[in-house]
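**Q** One-letter residues, chain by chain:
There are 2 protein chains.
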Amino acid sequence: MSQKFTIAIDAMGGDYGPSVIIPAAANALKKMEGAQFQIFGNERVISPILNQHPDLKKNALIDHTDIVVSGTDKPSAALRGGKNSSMWNAIKAVKEGKADGVVSAGNTGALMAMSKMMLRCLPGINRPAIASVFPTVQGKTVMLDLGANLVCDAEVLTQFAVLGAVYARVVQNIGAPSVGLLNVGTEEMKGHEELRAAAAILANVEFPGKYYGFIEGNDITKGTVDVVVTDGFTGNVALKTAEGVGKMSKHFLTDAFKSSPLAMLGYLLSRGAINRMKDKVDGRKYNGGMFLGLNGIAVKSHGHSDALGTENAILVAYDLIRNGFNQRVADEIEQLMSQESFVSAVGV
Amino acid sequence: MSQKFTIAIDAMGGDYGPSVIIPAAANALKKMEGAQFQIFGNERVISPILNQHPDLKKNALIDHTDIVVSGTDKPSAALRGGKNSSMWNAIKAVKEGKADGVVSAGNTGALMAMSKMMLRCLPGINRPAIASVFPTVQGKTVMLDLGANLVCDAEVLTQFAVLGAVYARVVQNIGAPSVGLLNVGTEEMKGHEELRAAAAILANVEFPGKYYGFIEGNDITKGTVDVVVTDGFTGNVALKTAEGVGKMSKHFLTDAFKSSPLAMLGYLLSRGAINRMKDKVDGRKYNGGMFLGLNGIAVKSHGHSDALGTENAILVAYDLIRNGFNQRVADEIEQLMSQESFVSAVGV
Chain A
27 MSQKFTIAID
37 AMGGDYGPSV
47 IIPAAANALK
57 KMEGAQFQIF
67 GNERVISPIL
77 NQHPDLKKNA
87 LIDHTDIVVS
97 GTDKPSAALR
107 GGKNSSMWNA
117 IKAVKEGKAD
127 GVVSAGNTGA
137 LMAMSKMMLR
147 CLPGINRPAI
157 ASVFPTVQGK
167 TVMLDLGANL
177 VCDAEVLTQF
187 AVLGAVYARV
197 VQNIGAPSVG
207 LLNVGTEEMK
217 GHEELRAAAA
227 ILANVEFPGK
237 YYGFIEGNDI
247 TKGTVDVVVT
257 DGFTGNVALK
267 TAEGVGKMSK
277 HFLTDAFKSS
287 PLAMLGYLLS
297 RGAINRMKDK
307 VDGRKYNGGM
317 FLGLNGIAVK
327 SHGHSDALGT
337 ENAILVAYDL
347 IRNGFNQRVA
357 DEIEQLMSQE
367 SFVSAVGV
Chain B
27 MSQKFTIAID
37 AMGGDYGPSV
47 IIPAAANALK
57 KMEGAQFQIF
67 GNERVISPIL
77 NQHPDLKKNA
87 LIDHTDIVVS
97 GTDKPSAALR
107 GGKNSSMWNA
117 IKAVKEGKAD
127 GVVSAGNTGA
137 LMAMSKMMLR
147 CLPGINRPAI
157 ASVFPTVQGK
167 TVMLDLGANL
177 VCDAEVLTQF
187 AVLGAVYARV
197 VQNIGAPSVG
207 LLNVGTEEMK
217 GHEELRAAAA
227 ILANVEFPGK
237 YYGFIEGNDI
247 TKGTVDVVVT
257 DGFTGNVALK
267 TAEGVGKMSK
277 HFLTDAFKSS
287 PLAMLGYLLS
297 RGAINRMKDK
307 VDGRKYNGGM
317 FLGLNGIAVK
327 SHGHSDALGT
337 ENAILVAYDL
347 IRNGFNQRVA
357 DEIEQLMSQE
367 SFVSAVGV
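So the sequence lines, in the order shown, correspond to chains A and B. Sequential numbering of the first sequence, starting at 27, is according to my numbering. Sequential numbering of the second sequence, starting at 27, is according to my numbering.
No lab work stands behind these hints: they were computed from the structure. Bear in mind the structure is a predicted one, so any value in this text is a computation, not a measurement. Do not rely on the hints blindly, as some may be mistaken.
Heads up, the list lumps identical chains together, so a pair's fine if it works in one copy or across two of them.
[To be verified] With a Cα cut of at most 20 Å, we get these calculated PhoX-like pairs of lysine-lysine:
hint, residue 1, residue 2
1, K284, K306
2, K304, K273
3, K30, K118
4, K273, K306
5, K124, K109
6, K142, K216
7, K276, K306
8, K216, K100
9, K304, K276
10, K83, K57
11, K311, K57
12, K121, K142
13, K311, K166
14, K304, K284
15, K248, K273
16, K121, K30
17, K84, K124
The task is simple: from the sequences and hints, build the whole structure.
**A** This is the structure we're talking about:
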């Protein structure tokens with residue numbers, strides 16, 4: 027008997043709502059063995075779109091609500107007013123064990139606040155992190171935290187290292203993933219006290235990765251490590267700075283090709299190769315901010331995502347679920363907490 | 027009578043020493059009216075190179091020393107053992123008024139430590155910042171701090187805003203430069219307490235720029251503001267992350283053009299336009315980390331810089347000197363400190 031995985035979808039989030047999310051789910055379903063959906067939101071809007079996707083319809087239930095969390099609501103307001111919203115109900119399905127994970131393209135702050143409140147952290151995890159996968163010169167790297175916790179102490183950074191390393195192992199199949207702490211230099215005495223304390227812990231405990239040491243901003247895309255660990259403030263600025271530079275490069279390249287008839291002809295000849303390059307760094311293929319460390323899988327899809335990006339976010343959730351990510355984290359955290367070198371360092 | 031500007035050059039810093047720095051100074055001299063050099067370092071190495079540049083030789087004195095600060099020395103070790111080194115003596119020339127500014131491609135930490143110790147901060151400035159200019163989609167932006175101070179309080183961030191705004195006005199001729207504080211979101215309640223406190227000060231004081239508000243990482247290259255203010259930890263990570271993404275884009279583009287004979291032909295046709303694009307973001311044209319806020323001009327050239335990059339760093343120092351940057355900062359800081367809204371906010 028094959029296992030069934032249920033993914034709860036908040037169909038009302040993001041810039042395009044069900045018109046993008048339903049087709050995305052239909053495409054994702056083709057790649058997800060044994061998966062089914064619970065779709066939360068306005069049935070009158072969802073139904074006609076779902077009718078156009080008979081395979082999805084066979085594997086999906088609609089859970090109606092009129093309430094929607096707005097993209098501009100503060101997290102606190104969303105917690106107060108967003109009860110029984112599509113986002114709320116989708117998370118609740120995970121909490122109640124009716125779904126194995128939730129995907130939403132809605133308000134990030136609200137999604138994190140509701141997920142924290144309803145799902146709570148896994149035992150031994152103090153704070154959930156937002157993680158995402160990025161292209162590097164050599165392949166891919168996973169980075170966390172991207173904005174859930176602006177300030178992180180050494181214990182939290184160590185937990186993030188475990189979350190990232192487990193992800194690299196169970197989802198990316200990297201046997202002994204290398205883990206780096208993002209800093210302003212690679213020498214031992216560099217950086218904040220929390221970073222130095224986290225480095226001291228990671229160098230002395232057994233955890234599912236290999237501690238590499240401090241890395242710098244340019245190491246992220248160099249692919250120096252498999253897992254980049256940082257506080258949410260730094261991670262968020264680095265992520266958005268990287269996005270900005272990527273956009274600028276694209277902008278200048280387009281300008282260059284448009285600058286003369288000869289350059290335009292050059293573009294036409296190299297278009298195939300250029301498109302393969304663009305494909306390699308296509309943000310949609312990396313869409314899906316994973317909320318790691320919670321008692322349930324939650325994935326945030328970018329608000330501007332089209333169907334391809336949204337499909338990817340759904341597949342990210344599916345990968346976490348079918349690989350038993352949370353169970354493995356729970357085991358590894360228990361392992362970590364049983365080590366004398368960890369206990370004495372964090373003063374539990 | 028035209029004014030003479032003297033630039034002290036640490037000829038022994040960087041990966042290539044005098045073999046790159048002397049030709050760079052010779053090229054820079056052609057663009058610097060009324061400038062002369064004092065060159066610090068090993069005369070036996072410098073002299074033969076200087077002899078190949080007769081125009082520079084006429085406008086340069088060599089100040090010999092055998093002592094060199096190594097690129098790997100910790101700042102504290104450099105302060106202890108680096109007395110009378112080429113770096114030390116070049117900074118001392120500025121301190122003693124024999125030179126108007128110093129340029130070095132040596133050890134950044136040592137250069138900052140010695141500059142702080144010998145030059146000290148301008149009155150009213152608590153900490154110097156490292157600033158640099160970056161290309162944006164729209165033009166250029168100046169960003170600080172890039173690594174001198176890992177943690178910055180609201181008062182220091184406000185001083186950085188003044189330093190950046192004065193730079194944009196006097197060197198870049200921007201009448202009312204916009205100043206943004208780098209944060210993880212643009213809403214008022216976002217970010218660290220220090221950032222929110224700095225925002226409250228900047229919104230309420232008169233200073234040589236217009237306070238724009240919070241900006242995010244992607245705003246740097248978007249050119250949203252003329253001046254980006256941040257703490258040195260965040261600034262350093264953002265800078266190096268941006269460099270890494272730039273390199274990755276270049277790497278993938280080169281790969282794409284090499285991937286097939288057709289793509290290669292396309293490259294040959296569009297080469298002129300592609301090179302103009304590369305020129306636009308050429309790091310050498312942006313080389314020159316300015317140590318702002320000190321009682322004297324000090325500019326750090328990148329250790330790997332070639333002659334073009336080094337020349338640019340020298341021109342950066344020259345621009346600060348001839349535009350009377352420091353005098354203007356002193357005036358503006360005095361102005362700032364006389365304002366009730368500033369005094370009450372920082373509790374002087």
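**Q** Which hints from the list above does the structure break, by number from lowest to highest?
**A** Result: no hint breaks.
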